[in-house]
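Chains as they are written, first to last, in the working numbering: chain U, 1 to 213; chain B, 214 to 426; chain E, 427 to 639; chain Z, 640 to 852.
Hints in this document: simulated from the structure, not taken from any laboratory.
Heads up, some of the hints might be wrong.
Which residues of chain E face chain U? A partial, calculated answer using Cβ under 8 Å [what the hints assert, rightly or not]:
#1 L445
#2 G448
#3 A453
#4 R512
#5 W516
#6 F522
#7 L523
#8 A526
#9 L527
#10 Y538
The model shown is predicted, which means the values in this text are computed figures rather than measured ones.
Using N, Cα and C, we set each Cβ at its ideal position, and we do this for glycine too.
4 protein chains.
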Amino acid sequence: MDRTTAKKAGLSPHRLEALADGIFAIAMTLLVLELRVPEATGPGDLASRLGALWPRFATFFISFIVLGVYWFAHHQTFYFIVRVNRTLVWLSILYFLGAALIPFVASLLGSYPEDPVALSLYGVVLALLAVVGYVIWWYVTGDRGLIDQKLDPDLVRKVRHWIAAGPMVIPVAIVLAFVQPILTLLIYLVLPAVFVLFNPVDSYLERFRQGAR
Amino acid sequence: MDRTTAKKAGLSPHRLEALADGIFAIAMTLLVLELRVPEATGPGDLASRLGALWPRFATFFISFIVLGVYWFAHHQTFYFIVRVNRTLVWLSILYFLGAALIPFVASLLGSYPEDPVALSLYGVVLALLAVVGYVIWWYVTGDRGLIDQKLDPDLVRKVRHWIAAGPMVIPVAIVLAFVQPILTLLIYLVLPAVFVLFNPVDSYLERFRQGAR
Amino acid sequence: MDRTTAKKAGLSPHRLEALADGIFAIAMTLLVLELRVPEATGPGDLASRLGALWPRFATFFISFIVLGVYWFAHHQTFYFIVRVNRTLVWLSILYFLGAALIPFVASLLGSYPEDPVALSLYGVVLALLAVVGYVIWWYVTGDRGLIDQKLDPDLVRKVRHWIAAGPMVIPVAIVLAFVQPILTLLIYLVLPAVFVLFNPVDSYLERFRQGAR
Amino acid sequence: MDRTTAKKAGLSPHRLEALADGIFAIAMTLLVLELRVPEATGPGDLASRLGALWPRFATFFISFIVLGVYWFAHHQTFYFIVRVNRTLVWLSILYFLGAALIPFVASLLGSYPEDPVALSLYGVVLALLAVVGYVIWWYVTGDRGLIDQKLDPDLVRKVRHWIAAGPMVIPVAIVLAFVQPILTLLIYLVLPAVFVLFNPVDSYLERFRQGAR
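Chain U extracted, bound-state conformation (with noise of 0.2 Å):
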């Protein structure tokens, strides 16, 4: 899009873009910030306190992956988008703002993984990434001129019904933390599964792509 056009459009994402990339890059590598070396005697003595790191190695895997979701999710949506206004910027900002926390409450969880307010307080920041995820959907696809007007109506609909999953299950969790942690932590562990493996967005762009030939 050259600049002319991109004026008449209001701002362009690309910016916004670049920001997102920049922020969930970073979050995800500051996670091995929580991966700290122990202090050991001999190798027998440094694979065993690797070994007691484990709840530090778990949480990291699970957030690296959840953050790669989230920046897909984020990816996806910003497919569509053809201009961004100030409400978009602000929303989204915020959206990065739980990114941003992800590397704390991940320290917090492999710090005390069978803590409830440590499982809870990842799961509320799990829920306020899904519930602006949920917001900024619902808000571009409204009739604003923000995006690619030949998306396809069934595609936002259903694409409104399968992100709201996490702000559906997501409290779920956070109420088991204090009475079946074991639970929570399963559902964290499922929940970016589902999202890796089913995806309707994508399997929409490869017949998208198939019509197109």
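Use these hints to put chains B, E and Z onto chain U, whose structure you have.
Positioned in the frame of chain U, the structure of chains B, E and Z alone reads:
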């Protein structure tokens, strides 16, 4: 813009924008390093120790929004810029230096939320960003061929008045830090909110877009 | 590529490249955090204490080059890619996870340069990157419409053999860590050097360019 | 440049520029981690303890500008580059390695501002950047088809002389560190200032632009 026309126009703004996006993304994400996981002996204990960290959470939140405001201001300014020269590069790097200092003064304020020295140093960095932002706008809108010539002189003047608010209000906040610290905190809280909610550039673009239909 | 044709082709690779560049840039720069300033009592003392840090400097240097090699491999692969799908996104995120782990295993190796556990864990992360890199090349060069169709099948095969070197050699290095640690270190040193000095993609591009004149 | 012509020309410089922007943005922002919040018992105490940190603030400021100078030099060089090859990629990664080391030597200098070892190591990293920068310019302006052919041979020579200043002056500063440390500090202060204020590429572009009107 292709490389040939860019060459005629001097350095293109693309890479300065990329550096800006990188530095703001990192500064925003580094803020999270100040939210340190507390030492706790049990769930109840963890909750109360996290609660005691509220000044750090508040500073994190405000600083994230503040950086968002200054990033957005940079984005909107560069939206109209067609080429950059050496002076603009160095004014921008000074602006980025202010952004890079925010995690430090945020950490200081989160550690000593009632200390007038911490409160005023936070204001000094905000003032640096505000003043350099003002100078950048004044510089690029002068007759230097750096900015889109179709830019409405009315908007140029309006934005200049608007961004003068920072350099005028922040010194007041710095002085108040030594007299009524609570008022300083209030200004730091309200100022970004005003910038988030009211913003003459965005409504100008909105009108521009509607006129172009 | 303009947005319309991109849409026909599925998600464009642009943002995945941006995430890659961000994650590699951060992982490469975070390595420096392992070079901690020592406590010293005077100039002569500082020199000798810095000298004692040589395993950290060596690990920093090797890891920087290793990340450079894997970044360059990603860059060259994506050079031929015309669209991305969900599988490729998640393979890439797994690749980035390996890159993000390098600062941790580098820190481990810098702290315990002679420990077979530290040496082998470094190799495990290298192997993860090498295997995922191999799978990515195999996946994108299959009949999935992800890659430039004019790509020479000879090059495809040549690169596949070439990048099989990592997954074959690194397991040997991991085993040797428990027998002859010095050989493991040697492999970690020589392997990136080989990739820096010999690289079939680059000479192919060179020939391609000369043919196009 | 579209993908087809890029392919004819070898790897496009775009992603190397993105990696550069990322690494410089991170190195510049990581400098702030050296400004550690001091422990203080009251407001007066906080002020004096911050005052005692002045060598760290000075090193932060100088290093931020130094990284800005080297980023700008890379930006200006790559402005003329039309394609990259393997050698240029690895020369650039060596250049980035120097940039990534700046936060470490800055931290060293901020901790031991009068120590000749700290002073000279800072110079060694500056010299690495300066020498690699010189080699890059020499390499790309050779007859390798990497650079815009319309580039004025006069400018090529002028820039080569200009950037030889670093490799010639910095070794003097390194030696002086052991004799007259204050002169070394002075050189570290003056050298970036000279590059900020005088810069033959920028005035060339300026003239180029005026001629093109």
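For each hint, the structure was consulted:
The beta carbon of L445(E) comes within 5 Å of a beta carbon in chain U, closer than 8 Å, and the hint placing it at the interface holds. Taking 8 Å as the C-beta contact cut-off toward chain U, the hint placing G448(E) at the interface holds, the least distance being around 3 Å. Proximity of A453(E) to chain U holds as hinted, the smallest CB-CB distance being about 6 Å (cut-off 8 Å). With a least beta-carbon distance of about 4 Å to chain U, the hint placing R512(E) at the interface is held under the 8 Å criterion.
Checking W516(E) against chain U: minimum C-beta separation of about 6 Å stays under 8 Å; hint holds. For F522(E), the shortest C-beta to C-beta distance to chain U is roughly 7 Å, which falls under 8 Å, so the interface hint holds. Hint status for L523(E) relative to chain U: holds, with the closest Cβ pair at about 5 Å, below 8 Å. For the restraint placing A526(E) at the interface with chain U, the shortest Cβ-Cβ distance is roughly 5 Å, inside the 8 Å limit, so the hint holds.
The criterion of a C-beta within 8 Å of any C-beta in chain U is met by L527(E), whose closest approach is roughly 6 Å, and the hint holds. Proximity of Y538(E) to chain U holds as hinted, the smallest CB-CB distance being about 6 Å (cut-off 8 Å).
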